[in-house]
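Undergrad: Two chains, each in its own frame: build the complex with the hints.
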Amino acid sequence: MTKSATVLAGLIGVLAIAAGFAPARAAPAEENYRLYCVQCHGTLGNGEGINQTSGGLAVSPRNHANAKQMSELSDDHLRQAITGGGDAVDSSELMPAWGKTLTAEEIDELVLYLRELCRCEASRQ
Amino acid sequence: MGGVRFSVIVVAGLVFLAPASPAAALDGAALAAENCAGCHDFSGPAPATFQGVLERRAPDLFYAGSKFNRPWLVEWLQAPTLIRRAGVMFLNNIVNEDGRDRIREASVMPCPAKLGAGEAEAVADYLMTLEDPAMAVGVVDPERDFKARKALRMFTKQLPCIGCHRIRFRKKEMGGISGPDLANAGARLNPDWIYARIENPQYWDPKTWMPRIEMSHRKREMLALFLAAMK
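Protein chains in written order, with this note's numbering: chain A, 3 to 127; chain B, 19 to 249.
There could be a bad hint or two in this list.
What the hints assert, rightly or not - Short, incomplete list of chain B residues facing chain A, as computed with Cβ under 10 Å:
1. T67
2. N87
3. A104
4. R162
5. P178
6. R184
7. I195
8. G197
9. A201
10. P229
11. R230
12. E232
13. S234
14. R236
Calculated from the structure, these hints are not laboratory results.
All C-beta atoms in this analysis are idealised placements derived from N, C-alpha and C, irrespective of residue type, glycine included.
If we strip away everything but chain B, and leave its shape as in the complex, we get (with noise of 0.2 Å):
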């Protein structure tokens, strides 16, 4: 495991020390290959072995175009902040202290990109290319009107979402930790990707520790209009 340290340092240290060249002359897949992939896997397919998942150690990118909004990552990766409160698999962060489970939290690192603008606008038109042509497009409509104290409804108390998730409501932060913070859902996220993700999370992610849910098309769309209201 030294040896993986050891290139986790030398390739946050390529980040840091890419020219900063007009946004013109940056190719973000040569950029994205360089300094991106030790970690993120941009090809696919995702791990479909329990034993895959624990040595997942970024979250997958092959499907980036599907699942971000452009605009947030040229944000986002000038200066990530943390996601996943409990890490990229939450089984490889975990002490438990008199019979309790909690966070080590010294091992749960954001993200360590840290791309100069030009870079973030390279990378980011790359990034989007890499879209699933399965996935519908067209689902979810953002502006579309929905009854907010229903979906919080829904996301709480009718179905297990809250319990992995955390959300901001009027101001008010809840929800657990085992799923990423969805309190930005909506500035990160495509809307028809949500959608889609909620649907069969494992056509996404075989082995995620979401499950799929049963629900009707109705409700489906009222918990991605929900989310994508979260920004």
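The following block holds chain A by itself, in its conformation from the complex (with noise of 0.2 Å):
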């Protein structure tokens, strides 16, 4: 069955680039935020993901829903953070750099997403 559907999914892909349309686009913000962010920073996004309330990890991860904090950081420093990890931004090593996994374009959107999650823009760029 997942042969078929594989192949299936295979034929559409290239029927939809033959008829002109845009080739597969990068996972949207939301789908990447569940796979690689709410282990750490949890299905809401308040930090409280199962790394951390499993006693994982020595710093909490930030908060995301948090709209004071997070306007207080510029939609730059959001960016770094997530390409470079907290290393890049002078915050926990704990944070990992997602720069090798995910695209350019992914950061840029998984920065809007943060918004969203913290109902806030940046207080200053």
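TA: Structure below.
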């Protein structure tokens, strides 16, 4: 079943490209957040993910739902933190670098997604 | 989903019922096809979509020969213990209570394989043939000296590894749970594969939630030696 499904998906892909549709798009930000960030930042984005609640992290993950804290971080700071990890912005190294896993476009979309989670904007750029 | 659960019970049942016959007469590939392929993928490729990852029921075994140490396989297949405390995919097992995520323990189970000694030998022989010929071998020499304190600092402080993996150091257990438990990594895993898995996680599993982290060969080798020493 999986094999024929894969073949079918492949066929649809080929047809889509042949028909002039845009090629495979980057995964949407919400999906990437669930796959890569929820494990530490939590399903609510509040920093209470399973790696935190199981006692795995010596530094608490940032609460992405906290408008006051998140508005203090510029979009550029968020982009740098995601791309280069905590180390790149003088935060904890427990925040991994995602620049070799996600594309620049996916990271830009994650920054927009974080702004949805905190329902806030950067107070300065 | 009822059908799936039913077939799981049937499959698990078959494992118990398989007659104990001498190892030489057992065909590991046939045993695996019959008893294990309902959950494990023996041919690849790994899922390339988020949906595919959510639906994966068990770890991929199509590169088992590159990944595992045979003696560990033979022993473990007779009495599997839990390796992934958050399950194969943590998102399928989360409950949120009072704003905090935790794992619903009832939905996390160890591998149901409980093979007889002869069966375990035969299946391990088969699994060890499933190699990835592209993996570099002889990269990590497990006999080589390394600074355990320094490696521990890398694993727990300079890099985010401890956030997702549990390890044991001087009898102390620590670490997160979204990745496999590495406290026994040295017994389980081939040191060269440990190195290759850290170097490029997405080569092995395009949608794995472990990041690819840049570091020098020397540091990666030290991490591999550190984990290979965990037994």
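Undergrad: Under the constraints set out in the numbered hints, which ones does this structure not fulfil?
TA: Result: hints 2, 4, 9, 13 and 14 break, sorted rising.
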